[in-house]
Structures are given as structure tokens and as C-alpha cells.
Amino acid sequence: QKEVEQDPGPLSVPEGAIVSLNCTYSNSAFQYFMWYRQYSRKGPELLMYTYSSGNKEDGRFTAQVDKSSKYISLFIRDSQPSDSATYLCASISGSARQLTFGSGTQLTVLP
Amino acid sequence: DGGITQSPKYLFRKEGQNVTLSCEQNLNHDAMYWYRQDPGQGLRLIYYSQIVNDFQKGDIAEGYSVSREKKESFPLTVTSAQKNPTAFYLCASSMRTDTQYFGPGTRLTVL
Numbered sequence: 001q002k003e004v005e006q007d008p009g010p011l012s013v014p015e016g017a018i019v020s021l022n023c024t025y026s027n028s029a030f031q032y033f034m035w036y037r038q039y040s041r042k043g044p045e046l047l048m049y050t051y052s053s054g055n056k057e058d059g060r061f062t063a064q065v066d067k068s069s070k071y072i073s074l075f076i077r078d079s080q081p082s083d084s085a086t087y088l089c090a091s092i093s094g095s096a097r098q099l100t101f102g103s104g105t106q107l108t109v110l111p
Numbered sequence: 001d002g003g004i005t006q007s008p009k010y011l012f013r014k015e016g017q018n019v020t021l022s023c024e025q026n027l028n029h030d031a032m033y034w035y036r037q038d039p040g041q042g043l044r045l046i047y048y049s050q051i052v053n054d055f056q057k058g059d060i061a062e063g064y065s066v067s068r069e070k071k072e073s074f075p076l077t078v079t080s081a082q083k084n085p086t087a088f089y090l091c092a093s094s095m096r097t098d099t100q101y102f103g104p105g106t107r108l109t110v111l
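Top to bottom, those sequences are chains A and B. Quick note, the first sequence lines up with residues 1 to 111 if you use our numbering. Quick note, the second sequence lines up with residues 1 to 111 if you use our numbering.
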């Protein structure tokens, strides 16, 4: 079993929809959670960063962590065609030296 | 312009040939990383370095080698021992392990 599981999609939504992207993880020691966005043939860019449980909002993006159920979510409001990309979740424990990535979810927002 | 650069963008390798991928950063980050990305898979860690003249193997180090002679540079050599080297290679750097910043990637193809 992978430490971080992510539905690969692909996921297609109409412009303006609310998008929900999700990951589950198995390592209870994970404390830091990240979402990266990767456009086709480009390097990933850090989108959201959260520590422990709770919500974090940045513009149209909200990251949510529920440590009790080991569930990580990214919500995108008013989705735009420019949001079309692969979204990768990642986690790490406080003492670890490497991130653990999910396999990525490919999102397409249709105009 | 601060950031991470990788070169070349595209690289072609013949069977039995060693090739070296370049990664340079001017962010003054201590740590640097090499990942491999295959279609439909997440990022897999090849090697990482926390400090100059020191590096550690990641999950898939076999067939690869690295050096860290300067803080700014972390080249990756794909040796002939790597049996399936065709992939997208990503370099990253960080001040802390959790927030990693990625370069644009190098796409390696074996002819």
C-alpha cells in the first residue's frame, strides 16, 4: 500500500464549477501537507501548504486536512480553464527527510 | 531572477551511454533533490543532498549517480546500468525539507 493514495482521474468539470481533489494517507506521523500544481511538461509548483489539521484558504483555493480520518482535500472555487493541470498532494513527518507524493489527479476545466 | 534551472530540456540517449542532467539554483537553498516522474505516477525520489559534499540515496537510486561539489549545483548522471531511463526528471531545492521548489524538468528519451 502506498503511503499517500490519490485518485488519478482524469476529472473534467465545466468552467465555474467547484472542484474537490482528495488524497488519503496511512502514516500517522505526517504533519505537513502540500498541494502542488503541475502543468503539462512543466515542473510542479507549490500551491498550498498546511500544518496539521484544519483549513487554509488562498483566493479560490482551500486546502483541508482531517488527521482523524487521514484525509487531505483541495477545493477550487469558480474553476477556470487555466486551472487545467495535474494536482499532486504530498506529505511529510516532522523528522523525515523526504516528501511522499500522491500519484496526481489530472483536472480539465472545460470552457 | 531567482530560481532553479535544468538543462537540457530534452535529452536523447543511446543504449549503453551515460548522460548527465544539470541542475542549478540561486535560491541559496541548502537541500537539493532529484525525482523521476513516469506517466500516471507520482514523483519518485532518486537522490537528495542536505549539504555540500554529502548526499543520500532515495527510493530508486540504482543506475544513477550524483555529486554535490557546490551549493548551487546538483548534477545527475544516468548510467548505462539504468535499464529503463526514459522519463521526466525533476530537480528541486529547499531551505526546509517540506517546502520544495522545482525546476522545469528534463525529458530523457532512450533511442
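For the record, the hints were derived by calculation from the structure and aren't laboratory data. Positions of the beta carbon are idealized from the N, C-alpha and C atoms, including for glycine. Incorrect hints may have been included.
Listed next, with one range per pair, are the computed distances between beta-carbon atoms [said to hold, decoys possible]:
| no. | chain 1 | residue 1 | chain 2 | residue 2 | range |
| --- | --- | --- | --- | --- | --- |
| 1 | A | Gly16 | B | Lys71 | 28 to 38 Å |
| 2 | B | Asn53 | A | Glu15 | 45 to 55 Å |
| 3 | B | Asp54 | A | Ser93 | 20 to 30 Å |
| 4 | B | Arg107 | A | Ser93 | 27 to 37 Å |
| 5 | A | Lys42 | B | Ser73 | 36 to 46 Å |
| 6 | B | Lys57 | A | Asp66 | 40 to 50 Å |
| 7 | B | Gly40 | A | Tyr71 | 20 to 30 Å |
| 8 | A | Tyr71 | B | Thr77 | 14 to 24 Å |
Chain B is nowhere near these chain A residues, computed Cβ spacing over 12 Å in every case [claimed, not checked]:
| no. | residue |
| --- | --- |
| 9 | Lys2 |
| 10 | Asn55 |
| 11 | Ser84 |
| 12 | Thr86 |
| 13 | Ser103 |
Non-conforming hints, listed in increasing numerical order:
1, 5, 6, 8, 9, 12 and 13
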